[in-house]
Each structure stands twice: as C-alpha cells, then as structure tokens.
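Visitor: Spelled out from the first residue to the last, the chains are:
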Amino acid sequence: MAVETTTGTIADVLGAELLGRADLPIDAVAPIERAGPRSLTFIRTDEYARLWPGSAAAAAIVSRTLRVPGHNPHARTLLLVDDADIAVIRTLELFAARVAPPPPPSGVHPSAVVDPTAAVAPSASVGPGCIVEAGASVGEGSVLVARVFLGRGASVGKRCTLHPGVTVYHNCRIGDLCTIHAGTVIGADGFGYRPAPDGSGFLKIPHLGAVLVESAVEIGANSTIDRGKLDDTVIGAGTKIDNLVQVGHSCRVGRCCILCGQVGLAGSVVVEDGAMLGGQVGVGDNLRVGARAKVGAQSGVMDDVPAGESWFATPALNAHDAMKNIALLRRLSGRLDEIKARIKALESERANLP
Amino acid sequence: MAVETTTGTIADVLGAELLGRADLPIDAVAPIERAGPRSLTFIRTDEYARLWPGSAAAAAIVSRTLRVPGHNPHARTLLLVDDADIAVIRTLELFAARVAPPPPPSGVHPSAVVDPTAAVAPSASVGPGCIVEAGASVGEGSVLVARVFLGRGASVGKRCTLHPGVTVYHNCRIGDLCTIHAGTVIGADGFGYRPAPDGSGFLKIPHLGAVLVESAVEIGANSTIDRGKLDDTVIGAGTKIDNLVQVGHSCRVGRCCILCGQVGLAGSVVVEDGAMLGGQVGVGDNLRVGARAKVGAQSGVMDDVPAGESWFATPALNAHDAMKNIALLRRLSGRLDEIKARIKALESERANLP
Amino acid sequence: MAVETTTGTIADVLGAELLGRADLPIDAVAPIERAGPRSLTFIRTDEYARLWPGSAAAAAIVSRTLRVPGHNPHARTLLLVDDADIAVIRTLELFAARVAPPPPPSGVHPSAVVDPTAAVAPSASVGPGCIVEAGASVGEGSVLVARVFLGRGASVGKRCTLHPGVTVYHNCRIGDLCTIHAGTVIGADGFGYRPAPDGSGFLKIPHLGAVLVESAVEIGANSTIDRGKLDDTVIGAGTKIDNLVQVGHSCRVGRCCILCGQVGLAGSVVVEDGAMLGGQVGVGDNLRVGARAKVGAQSGVMDDVPAGESWFATPALNAHDAMKNIALLRRLSGRLDEIKARIKALESERANLP
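Chains as they are written, first to last, in my numbering: chain E, 660 to 1013; chain U, 660 to 1013; chain D, 660 to 1013.
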C-alpha cells in the first residue's frame, strides 16, 4: 500500500485545519497503535487522543471538538475536521483509489458465454468464465468480474459490480450502482412445500415471482435472496446486506436497511425503511419489522417489531425489558435465597410463639 | 408473466366448481391485496374472504368450506375446490410451466470440460463451464445448468437439476429427481482434528466416507453437506433442505425431513423420518432428533429429541415447558415484588407483636 | 472403498501389539455397529468394548488401557496402541491414501485464464476454469482444483489446495499448506457504512486492508473472510475454520484456534491462540476472546472472554454460572410455588392469631 502524499495535500482534500507541518510525507493509513512514522491515523475519542503522544504516526485526523494533549506542531500534524466520520471515509477513498485494482477493460472476455439475444452495453465488462443467457442484459459501465451467471431475462443496471461466482437466476433484476460480492445467489426457488395428499412426501410450490434488487444496494458474499412465490422478493434502494444472509421468498426489505452477517428472514417478512438487524438475527414468517427499528444480534423475532423500537433476545421483546429480564435472571439465585431466609426467619419465630 | 388463459380453463384443470363466469381472461396470479382485473388469487381463510369484495381480482380459488360474502357471480368468479393447498400448487404449476425458462438442449456445451471416462447420458445437459471428472456420471434427463463441478467418481441420477456453481466432491452420489440450488457444496471434508501429540497444532482426521443424497431431495442455495468420516453422510429420500444449511460429517437425515434456512447439524447427528427443524436451529454432535419431531426456530438442541415431540429454546426442551419458562420469566419481576411485599407485611406485623 | 491389506500390515504401520491373527484380510474401516467381516473398527470406550463380541468386524484398534471382554484371538484380532486417537488418524490416512483421487497433473489447464504477469510454480496445478489475475502467484505443489479465482496480486503459498469455486480477492495472501474448501470467499469488502450527512443513505467505508491467512490453516466450504479496513484481517497459523463461518473486517484470529460451523465474528474481533468457538457462536464488534477460552455452541458473546475460561449462553457468561442459571430457570416455577405456599401458611396463621 505504498502511496505517496503529504499532510498538506490531505488537508486540502478534506478542507481540514492544519495544526502542524504541511510537508510531512504520508504513505499509509493505520490504526493509532500500529501507525509508523509515515502513517496517517484517526483520533475520534478521548481514549485515542491520549494515545497520540505515544504514537509513531506522522499525522492524525481529529474531530474539532476533541482535546488532544501533548501535540507538538513542529514535529507532527493534526488535521482538524468538523465530521471525523466523513473525513475518514474521504481519506480512505483517496488511498483506495490509488491502491485498488484498475477497472477491467470493457467488452466481453473470450472465455465468457454470452447468448446472442443478450444485451451487453458497450461500456460494460463481462469477465472470464461469465455466462449470460438469452434475453439477459448488462447496463452501461457494469462489471461482471468473473464466472458470473445471469439467467434468462435477468437484468443488471448501470455501474454495478458483480464479483466472482455470483448467480442471478432467470428474470431477476438488479438496479443501478449495486455491488454484489462473490458467491451470492439471487433468485433461487423459495422453500415452499405441502404434504402430498397421498402421503408420499412433499409437493413443491412453484415460484412465479423473481427478485428485484433496487439501486445502490450492496450485498455481501455467499448470501442468498430467494425469488418470490406470487410476486417478487424486493430489496429496497440503498439497503446494505452483509455476508451469509438469507432472505426468504416474497420478503420485502425497504430502503436503507442494514442486515448484518448471517441474518435470516423467513418467508414474506416485511422490513420497513431504515430498520437495522444485528448479526445472526432471525425473523419468522410473515412478520413485520417497523421503520427504523433495531433488532439486537442473535435475536429471534416472533412478533411484529413496532417502528422505531429496539428489540432483543429470543423470543425478541423490547430491548429495555429484555435487558431487565437478563439482569434479573443473573441475580435471581441471590434474590431467591434472600426470600427463603426471610421466610425461614418468620417460620422459626412463629414456632417460638407460645 | 403474461400468460393468457380463462377462468373456465383453470376450473377444468383443477376440477373446480365454478361460481361465476367461465370466460374471464386471466393472465397473472397475485395476492389478494395486489391483484389486478386479470388476476387470479387465493382465499384460504375467513380473513381473506372478507377482502374479496374490495379486491380487483377477476377470480379466486377458494376452499369449498369457506363462506365468501359479497360475491357477484355475474362479474367475477369463484373456483370452489376441496383442497385449496393442492389447488394452489396445481395453478402455480400451470403458470410456471408457461413462464419458466425452457429446458436447455441436451448434450455437452463446448465450454464444459468432461473427462473421456465420465458417463453423460445422451438426454442429459451439461451446460457452459461445467467440469465432470474421471469416472463421474450424469443420468438421463439431468441438467447441470452451468459451472457445476462433479468430482471423480461422483454420480448424479436421472432428471436432476444442479444449478450454477454447485460442487459435488469425488465419490458423492445424488439420486434421481433431485434439485440442488446454486453454490451448494456436497462432500467437502468434515471438520475433524485431534491435537498433535507433540503440541504442534492439530492433526487432520481423514474422511473415508462420501455423501449419499437419495431421490427427490431438494437442497437450497449455498448449503454445505460434509462427507462422512467412516461411512457416508446420508440425506434421505424426499427431504427438503433450505439455503445456507450446514450438515456435518456422518449425519444421517431420514426421509421427508424439513431443514429450514441456516440450520446447522454438527457431526454424526441422526434426524429421523419426517422431522422438521426451524430456521437457525443447531443440533450438537451425536444427538438424535426423533421421527416427526419439530424443533422451533433458533433452538439449540443439546439432548435427544423424542419422536413426535415439539421442542424449543436453547438449551432446547419440550416446547410446552419452554414457553412456560419464557412466560414465567416475563412476569417474574412482578411476582418477586409481590412476594417481597407479602414478606415485608408479615415482618412488620411481627415487629408490632407484643 | 475396496482396499486390500491385512491385520499384520496395519499392526506394523501403527507399531501396535497384535492380540490375535496377523493374516486377516481387511478392506474397509467402519464403525463397530456397521462393520463387516473384512472391516477394521475402533474401540475407544468401555461402551464400545462391550459391543465387540457382537460385532462382525475382523479387527479393532483399541487403547492399551481398555479391557475388552470376550475376545477370541484365534478368530479375530485386537491391535493394542498407546494413543487410540492418533492410531485412528494413522489408519484412516493409510486407507485415504489408497482411495483418494490422485493429485491432478501439474501445469495450467487449457481452459484456465492466467494473466501473463502471474507467477505459477511449475509444480503447481491450475485446474479447469480457474482465473489468475495480474501479479497473482501460486506456490510449489499447490493445486487450484477448478473454477478458482485469484484476484490481482493475490498469493497462494506452497502445497495448498483450493477447492472448486474458491474466490480470493486482490492482494490477499494464503500461506503454505492451507486447504480451502469449495465456495469460500476470502477478501470481500467488510461491512462498513456511515449515514450520509445529507440523509440520502449510506456512505461506504473503503477497505484498504486485505486478508492474511497464515500457514496450515484449513477453511471449510462457503465461509467468508472479509478484508480489513485499515490493516489486514488475519487468520493465524494452524487455525481450523468450519463451513459457513463469517469473519468480519479486521478480525485477528490467533494460532491453532477452532471456529465451528456458522460461527460469526463481527468487526475487529480478536480471538487469541488456541481459543475454540462452538457452532453458531456470534461475537460482537471489537471484543476479545482470550487464549484457550472455549465458547459453547450458539452463544452470543457481548463481553471480552478471559483467557482459559469456558463461556456459554446469550449474552454469554461463565459456563458454570450460565448452566446454574439455566437449571434455576427450569425449576423456578416449583420454587416460586413453594415460596408462595409458605407465605400463605404464615399469613393464614397470622389471621388466626388472637
């Protein structure tokens, strides 16, 4: 990650106030404990501010509201910003642009198999081993990195990136500006069966719907989004989905939701705009998670979650009540012992009554 | 999904009693809230029956035992059936057959790599990017959609579909009429190690077994079924496995079981015929889930589950007891407060005794 | 699995004391209940020793310290060893070497796409459908089985095996002697976003780090190891990771750790040397699991776990306390009833006081 720049250049890019030297060379970004003498780091809490005098870093981006003791502006540099979170992202983008692999050339790799009826935009890139079936389409500037499968009639919008091994089943649609990481499967059949009337096993419920992934969605690696039964499974614009997440048939996930790693949504779940589900959360069939609700990691949702509330535990309930229950359980043994001691005292006094 | 048929044709196919017009054009199937004037929908509960007058749907399949108020047979059509569940499946099959992608042509795609000693039935289809190693076989009418890997000596029976990116390791056997969705891995080594006697780390336990998937099994996307240690891991006929499910080495899953999304079976677990495991359930090493037992979502099974019982919670226990415990915990704080108040009353009276 | 050997040969290989005949033909290894007359089995507990007279097995490996009643050395053979665990592994290796598929030929398969700037060792094997991008490298004796993707600048050490469909993103490094099972994804972007200041959704945090997998690591199928934000995500030497495991950005997993199936580590988690996480365990952001700590299956870790301790439950706590809580909850209803009965008795006596 050898990228050469200076504290002054970074201050210019961020619009930061420079407290120290503008000419320090910077070639890496690192956490404060592991930063070297040509590294830039970040100070976002008082705890990190106290580490500054002992850090080897040449420079740090710091929120204007924080006090950083022991700074020597003749030797090192602080870059004061209004919003450290955003400044971090802008800085990382600056470095990422210099170290990320260059975009692949547009056009279809000779090892790709593209049906003549498929529509691949001239500025799109279809990499080695990709398969694009009849009637499928790939929009302007989109990249299918390698070994991507687009089934019949599937479509990918503009400026998307589909990483190696992604599978998009027939008729599923991906909007613009989406990123789908390696191994993710969009549009497999949902999990629906009925016992056969003759007792011979299960009948499969055909799935007529597909999957609609709206724009600016990012989906992690090896996740699975099943196609809908009657209508489409929908992932709303701006939503971010982590790795190994399961979204069942006919779910409707709203805009700008967050689904952390290994979340599982059963069938026909509705997740409203801005809701956040922590890692390994499960949500049962046909339930609704309200707008901007937050569900804590590993919770098992068995009831609708009202908009704006925080829930936790299995079965999930309001996080405040859940934490109270957990605290109660932890000191329960002591409380029961105390109760018993008091009863025993009453009982033995009674025995001593005349 | 533009498929043109009529209410009369559907009634004929289902053997349904027609209450209304036989000539209404139908080109879609939709849920009652979102159905349009050329849509067929389903009414399976009183709740849905009450939505019928306000729905735009042209027709509905309805169980003969339900009352549907406000039906006008001059304008719209009800199709009365004995078993609505089965009628739904038959109807969806009717539409699916018209909208599903056509089966790929038989034969081996030029981009596939098939060992000369492999046996591919003439009616089978080996799609682009597939790899079929030495001694492997693909039965009559089976389809390897694309990028499927069949290792040495692996076999796929008749009329199976293996979706893109499926990997079947050496010597694993898939029966007839199986469907395996994209990204699923059959036959990776089980997770078995012993500490090395010299303290240098772990020794790997070699896995001599393979995986046997019997007939009419469906496995979802990105699931993993590990090969056995001494004998085979077995998935019984008619069993259905959802996405992202983990089946450990030497497990034996019986016939017609249901394993929902993200279930995890550790090693040598036995799941007997007809058992059902809810989403995200985990079952510990060497345990047995009895025939027709049901384990609720997210449960952690740490003991054998008796046949026919319903279990829930972590550690899982009889669902009745588990729900009682959960209910008790929820009102525990109040009960303890009440107990303390009564003790306090007794104590203060005692203090007032002469 | 037809491999022909004799009890004498196996005794020689293991350095075992032979109690019975040296000339019995052996062609399989099987569990004691399912062993046939040419099978070798294992006896590692008294329970299994009692099954020996009723087993059809020709021979058994048995720990020298166990008593095996009813053994007839004229008909069958016991092979006494000091360490049965190790003897089992050695025996399985003996059979595995005879039944495993032969290693693929070295060289690059004609269907693979290897950039001219990539460095593939002459003794390495790059199988069908593999893609090796610019600047990537594959060390001596390593095997990319099929459809493996190595991104720009990614490196694989010596004597590794990467199974079908593995994806290694740009700049990630795999050490020597590693095995990565099918479908696993190394180096996808971590899950990091910040709300956009203009309220329009989320800004993506660029990930400058990569993934470093040290030597002798085995990773199961369809697992995902995300790349680091500032520095690398690290998997320490000798660590074993099961299927469908999620390791978040910038995690540092130590040496010789065990991560069972479906474990999920959020971001920047530290797992110290020798720690073991049971199946489906989740660990929250920035937490530390101490050296040699053990976390029971399905636990949700919300606090640092001290070195050497066993923890369990959600939220996880010391396993001893967790099990006490669970036991208490199971008999809580009875204890509360008893307390109430005693209070009632006291109250009714009080009412009878003059």
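Simulated from the structure, these hints should not be mistaken for lab results.
Mixed in with the good hints there might be a few duds.
Pairs count within a copy or across copies, as identical chains cannot be separated in the list.
Taking lysine to any residue pairs in the SDA-like style, the calculated list, with each CA pair at most 20 Å apart, reads [said to hold, decoys possible]: (1) 817 / 691; (2) 983 / 993; (3) 999 / 1009; (4) 953 / 769; (5) 999 / 724; (6) 983 / 671; (7) 1003 / 781; (8) 999 / 796; (9) 999 / 987; (10) 817 / 753; (11) 953 / 763; (12) 999 / 744; (13) 999 / 799; (14) 817 / 780.
Visitor: For every hint, state whether the structure bears it out.
Guide: Hints, one by one, checked against the model:
Within a single copy, residue 817 and residue 691 get their C-alpha atoms no closer than 38 Å, and across copies no closer than 34 Å, so neither meets the 20 Å cut-off. For a Cα distance limit of 20 Å, the shortest separation of residue 983 from residue 993 qualifies both inside one copy, at 16 Å, and across copies, at 12 Å. Within a single copy, residue 999 and residue 1009 get their C-alpha atoms as close as 15 Å, and across copies as close as 17 Å, so both meet the 20 Å cut-off. In the homo-oligomer, the alpha carbons of residue 953 and residue 769 never lie at most 20 Å apart, since the shortest distance is 47 Å inside one protomer and 51 Å across protomers.
Taking the shortest alpha-carbon separations for residue 999 and residue 724, neither the intra-copy value of 54 Å nor the inter-copy value of 49 Å comes in at or below 20 Å. Taking the shortest alpha-carbon separations for residue 983 and residue 671, neither the intra-copy value of 50 Å nor the inter-copy value of 60 Å comes in at or below 20 Å. With identical chains, the CA atoms of residue 1003 and residue 781 are never at most 20 Å apart, being 86 Å at best within one copy and 82 Å at best between copies. Taking CA atoms no more than 20 Å apart as the test, residue 999 paired with residue 796 passes in neither setting, with 73 Å inside one copy and 70 Å between copies.
Proximity of residue 999 and residue 987 under a CA criterion of 20 Å is satisfied in both settings, with 17 Å inside one chain copy and 15 Å between copies. In the homo-oligomer, the alpha carbons of residue 817 and residue 753 never lie at most 20 Å apart, since the shortest distance is 23 Å inside one protomer and 35 Å across protomers. Proximity of residue 953 to residue 763 under the C-alpha cut-off of 20 Å is found in neither arrangement, the shortest distances being 39 Å within a copy and 45 Å between copies. For the homomeric pair residue 999 and residue 744, neither the shortest alpha-carbon distance inside one copy (54 Å) nor that between copies (50 Å) is at most 20 Å.
Proximity of residue 999 and residue 799 under a CA criterion of 20 Å is satisfied in neither setting, with 74 Å inside one chain copy and 71 Å between copies. For the identical chains of this complex, residue 817 and residue 780 are intra-copy neighbours only, at 9 Å inside a copy versus 39 Å across copies, given an alpha-carbon limit of 20 Å.
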